[in-house]
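S.K.: Each chain is listed here by its residues.
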Amino acid sequence: MENMKKTGRQLREVAKFLGGTVIGEETVTIYNIRGIDEAGEGDLTFIANPRYKNKLEETAASAVLVSPDVKESSRNLVVVENPYLALAKALTLFYPEERDSVKVSEDAYISEGAEIAEDATVYPGVYVGRNARIERGVILYPGVFIGNHVMIDENSILYPNVTVYRRCRIGKRVILHAGVVVGSDGFGFANPGKDNLKVPQVGIVEIDDDVEIGANTTIDRGSLGKTWIKKGTKIDNLVQIAHNVVIGENSIVVAQVGISGSSRLGKSVIIGGQAGLVGHIEVGDNVMVAAQSGVHDDVGPNQIISGSPHMSHRKWLRTQACISKLPEMRNTLKSLSKKIEELEEKIKIIESQA
Amino acid sequence: MENMKKTGRQLREVAKFLGGTVIGEETVTIYNIRGIDEAGEGDLTFIANPRYKNKLEETAASAVLVSPDVKESSRNLVVVENPYLALAKALTLFYPEERDSVKVSEDAYISEGAEIAEDATVYPGVYVGRNARIERGVILYPGVFIGNHVMIDENSILYPNVTVYRRCRIGKRVILHAGVVVGSDGFGFANPGKDNLKVPQVGIVEIDDDVEIGANTTIDRGSLGKTWIKKGTKIDNLVQIAHNVVIGENSIVVAQVGISGSSRLGKSVIIGGQAGLVGHIEVGDNVMVAAQSGVHDDVGPNQIISGSPHMSHRKWLRTQACISKLPEMRNTLKSLSKKIEELEEKIKIIESQA
Amino acid sequence: MENMKKTGRQLREVAKFLGGTVIGEETVTIYNIRGIDEAGEGDLTFIANPRYKNKLEETAASAVLVSPDVKESSRNLVVVENPYLALAKALTLFYPEERDSVKVSEDAYISEGAEIAEDATVYPGVYVGRNARIERGVILYPGVFIGNHVMIDENSILYPNVTVYRRCRIGKRVILHAGVVVGSDGFGFANPGKDNLKVPQVGIVEIDDDVEIGANTTIDRGSLGKTWIKKGTKIDNLVQIAHNVVIGENSIVVAQVGISGSSRLGKSVIIGGQAGLVGHIEVGDNVMVAAQSGVHDDVGPNQIISGSPHMSHRKWLRTQACISKLPEMRNTLKSLSKKIEELEEKIKIIESQA
Chain A
125 MENMKKTGRQ LREVAKFLGG TVIGEETVTI YNIRGIDEAG EGDLTFIANP
175 RYKNKLEETA ASAVLVSPDV KESSRNLVVV ENPYLALAKA LTLFYPEERD
225 SVKVSEDAYI SEGAEIAEDA TVYPGVYVGR NARIERGVIL YPGVFIGNHV
275 MIDENSILYP NVTVYRRCRI GKRVILHAGV VVGSDGFGFA NPGKDNLKVP
325 QVGIVEIDDD VEIGANTTID RGSLGKTWIK KGTKIDNLVQ IAHNVVIGEN
375 SIVVAQVGIS GSSRLGKSVI IGGQAGLVGH IEVGDNVMVA AQSGVHDDVG
425 PNQIISGSPH MSHRKWLRTQ ACISKLPEMR NTLKSLSKKI EELEEKIKII
475 ESQA
Chain B
125 MENMKKTGRQ LREVAKFLGG TVIGEETVTI YNIRGIDEAG EGDLTFIANP
175 RYKNKLEETA ASAVLVSPDV KESSRNLVVV ENPYLALAKA LTLFYPEERD
225 SVKVSEDAYI SEGAEIAEDA TVYPGVYVGR NARIERGVIL YPGVFIGNHV
275 MIDENSILYP NVTVYRRCRI GKRVILHAGV VVGSDGFGFA NPGKDNLKVP
325 QVGIVEIDDD VEIGANTTID RGSLGKTWIK KGTKIDNLVQ IAHNVVIGEN
375 SIVVAQVGIS GSSRLGKSVI IGGQAGLVGH IEVGDNVMVA AQSGVHDDVG
425 PNQIISGSPH MSHRKWLRTQ ACISKLPEMR NTLKSLSKKI EELEEKIKII
475 ESQA
Chain C
125 MENMKKTGRQ LREVAKFLGG TVIGEETVTI YNIRGIDEAG EGDLTFIANP
175 RYKNKLEETA ASAVLVSPDV KESSRNLVVV ENPYLALAKA LTLFYPEERD
225 SVKVSEDAYI SEGAEIAEDA TVYPGVYVGR NARIERGVIL YPGVFIGNHV
275 MIDENSILYP NVTVYRRCRI GKRVILHAGV VVGSDGFGFA NPGKDNLKVP
325 QVGIVEIDDD VEIGANTTID RGSLGKTWIK KGTKIDNLVQ IAHNVVIGEN
375 SIVVAQVGIS GSSRLGKSVI IGGQAGLVGH IEVGDNVMVA AQSGVHDDVG
425 PNQIISGSPH MSHRKWLRTQ ACISKLPEMR NTLKSLSKKI EELEEKIKII
475 ESQA
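Residue numbers (the working numbering), protein chains in the order written: chain A, 125 to 478; chain B, 125 to 478; chain C, 125 to 478.
It is possible that part of the hints are untrue.
Put simply, identical chains are the same to the list, so a pair is met inside one copy or across any two.
[As the list claims (entries may be wrong)] Computed cross-link-like contacts, DSBU-like style, restricted to lysine-lysine with a CA-CA straight-line distance of at most 35 Å:
#	residue 1	residue 2
1	Lys449	Lys391
2	Lys179	Lys322
3	Lys439	Lys449
4	Lys195	Lys322
5	Lys130	Lys213
6	Lys472	Lys462
7	Lys296	Lys322
Quick caveat, the hints were computed from the structure, so don't treat them as lab data.
Could you build all of it, start to finish, from the sequences and the hints given here?
M.R.: Spelled out as structure tokens, the structure:
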């Protein structure tokens with residue numbers, strides 16, 4: 125990154141592109157975007173998290189993206205509604221995507237009946253199965269495996285060593301990071317622990333438009349029917365999605381989460397890292413699950429839950445407060461027991477004297 | 125799946141294949157198998173979980189696999205001892221496995237001294253190392269790496285991008301899903317946190333017959349000797365098995381479990397998702413470990429354990445009940461303290477009056 | 125392993141190589157190294173863990189590596205300062221690394237502008253991107269993907285199916301096990317749960333010399349700037365390292381740990397398996413984090429912490445002791461309540477009689 129030569133742009137031009145207002149010198153030239161600690165002359169930086177506000181005066185950056193509550197500063201400012209959103213936009217300006225000009229490599233293996241759109245990119249070492257369909261703008265990096273009858277819709281990117289098993293369907297503008305596995309067999313065995321008889325997994329995985337899935341995440345195919353990731357959902361690295369799970373639109377699933385078979389999540393659900401969900405439950409829209417939680421039962425919409433087993437976040441906070449007081453509570457209990465014994469003794473004496 | 129054309133079969137024919145009894149119309153034609161909510165005319169469905177029994181009368185399926193406790197229904201029934209087992213069998217009838225006719229691809233890399241049985245399937249992009257042996261009926265999908273001196277026994281299937289390091293041994297009818305790593309170095313360093321001196325990992329992994337291992341699971345080679353997964357054991361996705369672990373026959377290890385070095389599990393052990401086991405422990409036959417547990421010590425056979433650190437499931441239930449009452453207990457403790465103070469006060473007065 | 129023919133060496137020669145002293149027969153011949161339970165005639169074994177000391181007299185090994193506190197035995201001993209360190213050294217003697225003589229395969233895909241040192245090993249099926257640099261002694265196994273502008277320094281080993289995204293930098297003598305992903309996009313979305321607008325991840329990953337990373341571990345690239353694994357750190361399998369994390373020198377990160385974005389760890393930090401760290405925290409030098417902990421805030425240096433949420437290990441032990449006594453505490457509380465009621469009753473009577 126350091127060795128990429130960047131084109132300079134005047135701050136007022138950048139602000140216009142972002143829909144923001146400059147406070148300070150409009151004509152300073154911006155060459156790059158850097159974090160607030162690393163930024164220097166020629167750099168634009170940003171403050172998205174209020175707890176970094178104190179760094180505003182110290183930064184050596186030529187300009188800073190800030191929210192409207194910052195009124196003035198010795199720095200050049202670009203005031204925008206949402207600095208993190210503006211950063212996302214600015215990055216597309218300063219870091220346009222680089223593309224190799226590969227088309228369909230002669231060193232890719234294309235099976236009989238597969239259809240590949242003319243402007244798709246298929247790197248060497250890719251395998252495309254029988255009757256698979258690869259639409260326009262798709263990029264398949266080396267080591268990608270596309271099973272028979274798979275469909276990859278327009279402009280999706282599959283990074284190296286992604287595996288998509290037979291018959292699965294991937295929507296438009298989907299991003300699958302390296303090592304993702306889509307459509308492996310669900311974990312279904314009759315008489316578990318005894319015969320472990322394999323139940324054939326004959327369903328598929330369907331991934332809708334604008335989904336992004338992190339490196340080495342695994343999504344099992346439906347046992348029957350489908351495992352379904354709906355539009356706009358983003359899944360982080362090393363997540364496990366079991367057979368017949370459904371995840372609603374625009375949800376967020378953080379790294380190392382595990383979701384067991386046939387559970388159904390609503391829209392805009394956010395699951396914190398390393399949380400686990402048992403199978404066959406329903407989680408409502410807008411639910412937030414704290415990291416490392418264990419969700420063992422249905423959860424109605426619009427709630428924040430924590431803990432393993434999970435409870436409302438509010439109750440969890442109260443419970444945790446108690447847990448940290450447990451040694452103290454235990455001591456209190458001992459001292460009360462002793463006091464009661466003394467009282468009983470005294471009363472016995474009083475009674476005997478009466 | 126939806127676009128596969130299925131052959132129809134009369135219900136009596138299906139029942140005969142499954143060893144079941146028809147109640148209702150024997151001559152209805154079955155084309156496909158679907159879940160109870162999706163099934164319609166021409167479909168066979170099933171009720172394996174008693175809590176879905178109420179769906180029996182509502183389903184549009186042409187027939188339903190049920191257990192013997194279902195005596196009658198307006199639906200056509202196939203009564204079998206174990207509906208889930210029968211489903212597994214029925215699926216093999218309606219979804220026979222499709223095979224590509226590949227044999228040994230010219231685009232696979234076969235090293236010197238490797239022996240590949242004539243009817244094995246080796247896709248393009250596979251690498252087979254020196255003196256490796258691939259027996260009859262084995263399927264190696266694209267991107268599979270077979271290290272030097274590895275042995276893969278009859279009818280095993282290695283899905284895309286599986287890596288098997290040097291000298292490991294895979295039994296018969298083993299299934300390794302995409303991205304599985306077998307035989308990576310165990311995590312062994314002398315003076316950890318100081319020199320971190322690597323201890324060479326010179327052992328192997330041995331996987332016995334009929335084992336299935338889920339996508340992106342990792343199994344480290346022995347430091348010395350072997351890591352050993354015994355016959356019939358099934359391991360889910362993203363599981364970590366450390367060096368020199370031994371897992372007994374017919375065990376079940378659910379997704380994202382981690383088992384630390386040199387621990388030994390008995391037969392028919394079932395480990396719930398995201399559980400962790402420390403190293404150098406023994407877990408007896410038929411033990412069940414609840415999801416997210418932390419197993420820190422030996423566990424005798426035939427137990428159910430839960431929690432982190434683990435305890436008997438029964439004790440865990442009692443303890444959890446208490447934890448959810450903690451805020452209440454704390455309040456009780458406060459009110460008791462106050463009452464005792466009042467009592468002490470009163471007794472002081474009584475005593476002074478005596 | 126079993127079928128490798130080993131060269132024999134006299135025990136005195138082995139002891140000299142290890143800087144140890146023989147007690148017993150110096151001329152016995154050693155052919156192999158095995159664990160204490162498996163070792164027999166011709167084998168050297170070791171006792172690194174004091175709890176296996178009782179096995180010393182029972183082993184059939186021809187010699188045993190022991191620490192200086194073992195004064196005598198009926199076995200032949202090699203006394204060394206640190207038996208586990210000595211084992212590591214002895215293994216390099218008896219198991220010299222086997223190398224294929226591959227050089228740069230004609231079946232590897234080398235992009236324009238890539239520079240590959242003459243004595244590097246590049247297996248078939250490797251992809252090396254534009255302007256990448258592969259230094260001398262590097263080994264790239266089949267299925268490895270090297271992105272554009274990536275730099276891999278001397279003598280590093282990348283096992284099969286490793287992916288290194290564009291511009292990342294790998295130091296000297298680094299080992300990346302099979303399926304490792306370096307440089308995937310960090311999980312950065314503006315308005316999460318609503319728009320999920322992707323924030324371009326334009327930073328890199330830098331991995332310093334002598335780092336080893338376990339199978340299927342994922343390390344995301346910096347959002348801006350870099351994710352940085354410093355010299356000598358060892359990371360186990362299936363670990364998640366988020367964008368802009370920094371891990372100090374000689375640290376140890378055990379399997380399935382997750383470290384969230386922008387957190388910074390000091391030197392010689394040891395993180396137990398399945399632990400999770402939230403983002404934007406600082407963890408000081410020499411901190412030890414117990415397995416399955418949840419670290420939610422900054423941690424000063426030289427501490428042991430446990431639990432989720434984390435606390436000092438000492439406090440955690442006390443708290444756990446209380447938790448296991450909770451059912452008992454709850455009973456005590458009930459009985460105290462009853463006793464107090466009785467006392468109140470009695471006092472009421474006494475007062476009324478006064």
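S.K.: Taking the hints in turn, state whether each one holds.
M.R.: Hint-by-hint comparison with the structure:
In this assembly of identical chains, Lys449 and Lys391 lie within 35 Å of each other by CA distance solely across copies; the values are 33 Å between and 38 Å within a copy. In this assembly of identical chains, the alpha carbons of Lys179 and Lys322 lie at most 35 Å apart only when taken from different copies (25 Å versus 58 Å within one copy). Taking the shortest Cα distances, Lys439 and Lys449 sit within 35 Å of each other both inside one copy (16 Å) and across copies (10 Å). In this assembly of identical chains, Lys195 and Lys322 lie within 35 Å of each other by CA distance solely across copies; the values are 28 Å between and 65 Å within a copy.
In this assembly of identical chains, the alpha carbons of Lys130 and Lys213 lie at most 35 Å apart only when taken from the same copy (16 Å versus 50 Å across copies). In this assembly of identical chains, Lys472 and Lys462 lie within 35 Å of each other by CA distance both inside one copy and across copies; the values are 15 Å within and 17 Å between. With identical chains, the CA atoms of Lys296 and Lys322 are at most 35 Å apart both within one copy (34 Å) and between copies (15 Å).
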